[in-house]
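Residue numbers (my numbering), protein chains in the order written: chain S, -5 to 462; chain P, -5 to 462.
These are calculated hints, taken from the structure and not from any lab test. Treat the numbers as computed from the prediction; the structure is a model and nothing was measured. The reader is advised that the hints may include incorrect statements.
[Claimed, not checked] One-sided excerpt, in silico: chain P residues whose CB lies under 8 Å from chain S:
#1 R125
#2 P141
#3 W396
[Stated by the list, open to error] Pair by pair, the computed Cβ-Cβ distance ranges are:
#4 S:P321 - P:A29: 47 to 53 Å
#5 S:P321 - P:M28: 29 to 35 Å
#6 S:E36 - P:R(-5): 58 to 64 Å
#7 P:M28 - S:M28: 28 to 34 Å
#8 S:R15 - P:E338: 22 to 28 Å
Glycine included, C-beta positions come from ideal geometry on N, C-alpha and C.
Number of protein chains: 2
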Amino acid sequence: RTQRTHAVFAPTSRYPFPVTRHQGGIEALFRDSMATKGVIVERPVIPTAIELSNGEPDLENPKTYPVKVTLKHLDSSKGESEIVHAKFVLGSDGAHSWVRKAFNIPMDGDQTDSIWGVVEIIPETDFPDLRNWAIIQSHHGTLMNIPREGDLASAERLMECAAKILQPFTVKQVGEAEWWTVYMIGQRVARSCSVQDRVFIAGDACHTHSPKAGQGMNATWKIAMNPRGSSTLETSSKFDRKWSKLFRNKPQNEENEDGASQAEFVRMLETSHGFMSGTAIRYEPSAIVDPRHQSCASKLIVGERMLPHDFLCAANAVLINIHDMLPSDTRFKILVFLGDISVEATMDRARALAMRMDAPEGFLRRFGQGAHEKVFDVLSICATKNDKMDFTDVPKFFRSHWSKVLLDDIEMSGRGGGGGYEAYGIDPAEGAIVVVRPDGYVGMVAPFEHLDDISGYFATFMLERRSA
Amino acid sequence: RTQRTHAVFAPTSRYPFPVTRHQGGIEALFRDSMATKGVIVERPVIPTAIELSNGEPDLENPKTYPVKVTLKHLDSSKGESEIVHAKFVLGSDGAHSWVRKAFNIPMDGDQTDSIWGVVEIIPETDFPDLRNWAIIQSHHGTLMNIPREGDLASAERLMECAAKILQPFTVKQVGEAEWWTVYMIGQRVARSCSVQDRVFIAGDACHTHSPKAGQGMNATWKIAMNPRGSSTLETSSKFDRKWSKLFRNKPQNEENEDGASQAEFVRMLETSHGFMSGTAIRYEPSAIVDPRHQSCASKLIVGERMLPHDFLCAANAVLINIHDMLPSDTRFKILVFLGDISVEATMDRARALAMRMDAPEGFLRRFGQGAHEKVFDVLSICATKNDKMDFTDVPKFFRSHWSKVLLDDIEMSGRGGGGGYEAYGIDPAEGAIVVVRPDGYVGMVAPFEHLDDISGYFATFMLERRSA
C-alpha cells in the first residue's frame, strides 16, 4: 500500500463520504417518490415515430406543443398506438439512442484502446482493503475495488485478471457474479444535445464514457437543476480521457519512467472530487449570480452552493443544519444575519432593517407576486448566545414562524453548532443579507445598506407584482 | 424565567434529548413492524370469559396451554365467538381492566387531591418558551408546557387556567383543541400483577398515575425486555406522589415558605431523568449479572446497559456506534478489547487468547448449542491507530466477518471516534472481555486470564451443548 487518502475530498460537504447504491435501487427511489405525486412511468412502451413542427412562431411560444411522438404499448395484445403532443422531449435512451438517430445527430470521438471489465461479486479474499475504495496498479493491469452494499464488491476487470493484479493477495468469488461486463472505453460526444431547444438528449444518448461507479447517474439531478445547460459534458469527456490513460498505464518504476505515478493518481482524484461530488460547481456571474458585494460574506462564494452549517433553533435550542431550512420549494431564501442583537446598537439596526424590508418599496413586496411568503422565505440568524436572548426578542418581521430564528451558538450538550459567522466570513458587527436561490446556490450577498441592489437583482429576472 | 436546564439529564445517552410522539403514531410503528412479521392485531374483538386451569402439574410445565379465553368478534354480523387456549395472557386493558376484575385483583391506594387538565392545541402566544419543555409556577396553579410535533403544544391544564398562569404573557388557542381531558390524579397499584405466573396485568390495568407526556408507554418495551419482572411499579408510584405534590404547591416566596422551591423542581427532574429515560436501570448481581471482575472495565458497570460510543470499523475506516453492533437478536455479544495489537507482546496475547477461546473446552464451544455463531457474536476492539494496522492483522478467530473488527481511533475527517478504552475504563495494555446480554446490558467483564469465570457465568443458566 503506497498511501491512504480520503475517498472523497469534499471538505465543505455535509456528508463527506461516498455511498454506493445500485442503479435499480436508485431508480426505485425516484419511482416511489414520483408515485406519491401521481407520476407513473409506463412500461413497456416504445416510440415508433417523432416529428418536430417546422412553424417557427410555434417554437418561440413556450406554451405550444410542437413535438408529436407516436408510442406503441407492447403489453397490449393489439399493440395499441398512442400519439402524444409534447412541449419538450428528453431522450435519455442510452448509447444507441433512438431519439438521437431520429434527428440524425452525429457522435464525435472514438474508441480508446482501453478495455474495461466490471464484475460484481462477493469476494473471498485476504486483501486487507476489500472494504475500501482502492486502486491497485500492477504490471498485469490496473484494478479498482469499489465496496458495495452488504458484502458485495464490484471489481472493475474480471476475476482471473483481478487475481493476477492482486498478487500476493488472493481473491476468490463466492457464488455467482451479480453482474458483469467487458467493453472498450468509447469516448464520444453528440455534436448537439438539442434540436430547436424542444428535443433534448441526455446521458449516454449524448456522451459515452466509462462508468466509474455509476457517476453518470448524477445526470438526473443536473437536468432538473440546470435547464439552462452547463459545461458538464465537455468537462466530463476531457476528464475521462485523462482517467482512462491513467488506468491503461503500467506503474511508474525504474524500467518504466513514463508509467502512471501514484502521485498522478492522487492528483487526479483530488481534482475530480469536486466534480464528482458536485460541491465544486460554481455559476459564473449572470442575471441570477451577482457577486458585487462578495466581501460582506467572504466565504459564501456567490455562484456556489450555500455552505452547510449547524445552528441552534432559537425557540427550542435544538441543532439544525441550515441546509434543512433551504428545501428546493421554488422560493428564494432570504437569510438575514442580524449580528449580536443583545448589543443595543445592533438591535436598533435590526429594527430599522425590518422596517425597510417590510416597506411597500422593499423587494419583498415589489416582487411578492401577490403573496410574498410564497416567493420568499425570510430567515434570521443571530450571533447572540442562547442564554442572552429569547427568540421573541427578534423583530416580528424576521419570525413569521418560531422555527425561522437561528442562533450561532454551541448546543447545550456540546454536540455542535457555533462558528457559523466565521465559517461564512460574516462580521457580527455588520451582519449581511444572503440570497439563496431555489436550487440552494448563493445568488447574491449584500450589506444592510444595499437593499437597493437586492431589489435590482430581482428586477433583472422577476416581474414586478406587488403583494400586500 | 428562573433557570434553563437540560430537558433530559442523561449524559450517557446516545440521543441526549427527548422526542414526543403521539400515542397513535407509536402504536402505528408497532403495528407496521409486527405486520412485517405476519403478526396482525385483530379488531374489534372483546373477551367474554377467561379461565385458568387448576391442575398444578399443568402450570409447572411451560409447554402447556392452561388459560382458556372466549373471544367475541364484534364486526361479524353473527357475533361469532372463538375460544383460545393460551400459554400466557397479558391484560393491558387499562384502568378499568377486565382481566383484573375477572381475577378479583384489588387495587390499593387512593385519589390525590390534585386535579390535572391536559389540552393539546396550536397556541398563539408571546410566551418565549413555547417550544421548550417548561414548568410555570404561579399562584393560580402550575403549568407544564410540552412542545409537540409540528406546531402543536400540549398544555397541561385548560386554557383559561393556562392564560392566568402565563401572565404577563398571553396565550390563545388557534382552531380546535386536538384533545383534552381533566382528571383527579389517582395513584393505585394492583395488589398482584399476575395470577400463577400465567395471567398478567400491565400498564394502567395494574397501576394508575398521572400521564406525564405519556411516559407510561415505556411499559411496552419493559415487558418485552424483562419478563422476570422488575421494581418499576413501586418506584413509579413513589415518584408520582412527590411529583404531584410539587405541582399542587404554590411557589415558594416570603409569604409562602412551605411552597415548592424552584430548586426542588430541578432536583426532582434530575433524579427522575435516569428513571424516565431508562439509562439509570441497573440490575443487581444475579445469575446473569456477575460483577466480580468489575475493575478490568471500571466504567462499564456490570448490570447497566452497554455505554454507546463511536468506533472505527477497521476494514473501511467508517464510524460506527457500538450500539449498532449490539442488536437484540437473542445472541450474547462477546466484546474482546484486544489492546494495541501493533505492540508485539499484545499481539502475542491476542493470538493466545484466540486459541483458548476457540478450544473445545472454551465457553463458546461448550455452550454453543451446536452452532456457537447462533448463540454468541464475537467482536474485537483494538486500541491501535488506523494507519498502524490492517483488519486482517487480527487473528482470524476474532473476525468471522470484516465488520467485526473495530478500532478506537479518530475518524479521518475528525468527525468522531477515539477515547473508547478510556470511556470504558479499560487499560489498553491489559485488555478485557465484555459479555453483553441479548438485551444490551453488561452481564460480566473479565480479564483475559479469567476465561474460566466466563465459562462459570454461562454454566449457571445455559445448558452445556457443544458446537463443532
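Hint-by-hint comparison with the structure:
{"no.": "1", "hint": "R125", "in the structure": "holds (4 Å)"}
{"no.": "2", "hint": "P141", "in the structure": "holds (6 Å)"}
{"no.": "3", "hint": "W396", "in the structure": "holds (5 Å)"}
{"no.": "4", "hint": "S:P321 - P:A29: 47 to 53 Å", "in the structure": "violated (31 Å)"}
{"no.": "5", "hint": "S:P321 - P:M28: 29 to 35 Å", "in the structure": "holds (33 Å)"}
{"no.": "6", "hint": "S:E36 - P:R(-5): 58 to 64 Å", "in the structure": "holds (60 Å)"}
{"no.": "7", "hint": "P:M28 - S:M28: 28 to 34 Å", "in the structure": "holds (30 Å)"}
{"no.": "8", "hint": "S:R15 - P:E338: 22 to 28 Å", "in the structure": "violated (42 Å)"}
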